[in-house]
Structure formats: C-alpha cells, structure tokens
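*Asks:* When we follow the numbering used here, the leftmost residue of the sequence shown carries the number 1, and every step to the right adds one.
Incorrect hints may have been included.
Computed cross-link-like contacts, DMTMM-like style, restricted to lysine to aspartate or glutamate with a CA-CA straight-line distance of at most 20 Å [to be verified]: (1) K84 to D94; (2) K102 to E25; (3) K102 to E33; (4) K84 to E14; (5) K84 to D12; (6) K102 to D23; (7) K84 to D11; (8) K102 to E31; (9) K102 to E14.
Keep in mind that the hints were calculated from the coordinates and are not lab data.
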Amino acid sequence: MRAYAGLTTSDDAESRAARAVADLERAGGFERENLLVMTTTGSGWVDPAAVDSFEYLGNGDSATVAMQYSYLPSWLSYLVDQSKARQAGRELFDAVCDTWSKLPQDRRARACS
1 MRAYAGLTTS
11 DDAESRAARA
21 VADLERAGGF
31 ERENLLVMTT
41 TGSGWVDPAA
51 VDSFEYLGNG
61 DSATVAMQYS
71 YLPSWLSYLV
81 DQSKARQAGR
91 ELFDAVCDTW
101 SKLPQDRRAR
111 ACS
C-alpha cells in the first residue's frame with residue numbers, strides 16, 4: 001500500500017502531510033505490520049528499488065507514504081531553498097507519528113521508533 005501527496009495537493013507542507021496521512025489511513029496503511037515514511041527527490045520521485053525492497057522484506061504487509069516538496073530536481077532545489085526538503089520531511093514524519101502514536105500499542109505498525 002502506497003500513499004503519496006504531490007505539490008498540487010496543497011499550497012503548504014503541513015496540509016500536504018495531513019492529506020498524505022489521511023490517504024494512508026483511508027487505505028488501511030496504519031493496519032499494516034510495517035510502515036515507511038519515505039523522502040522524495042526534489043521533484044517528488046521515489047526510488048522504486050527502495051520501496052520494493054521494503055515491501056519484499058515485509059512480505060507485502062507494508063505501507064509507504066511520501067510527499068513532493070518541489071518541482072525542481074533535488075540538486076537545484078538544494079541550491080535555491082534547502083529548507084523545503086527538511087520542512088517537508090519533518091511535517092510528514094510528525095503527521096504520521098501523531099496518528100500512529102494514538103493507536104493501541106498492539107495495533108501499531110513498526111514505525112516512528
């Protein structure tokens with residue numbers, strides 16, 4: 001199960017993160033055994049080999065969530081505004097952990113630890 005929020009989802013990182021988490025919840029991502037918060041490249045690309053490996057090692061009982069933070073390639077985004085990548089990662093991780101931490105301990109995926 002994969003959830004993703006692109007730049008057109010919302011104008012700010014906090015709202016995009018909330019939308020990604022809502023999609024993750026709706027699709028049952030928090031009910032999986034393993035949960036991965038994945039960072040993207042500047043333009044929003046997610047390395048399929050990394051996600052495929054995570055899913056394989058979790059025997060398919062996994063969920064991945066990611067969000068785009070720029071239209072620019074990573075190297076250019078880094079030169080123009082380094083804070084966007086950090087902010088997007090932090091917002092998404094915090095939003096996932098906030099929802100995850102409210103679940104009963106016996107129903108939590110391995111995440112946020």
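*Asks:* For which of the previously enumerated hints does the structure constitute a violation, in increasing order of number?
*Replies:* none
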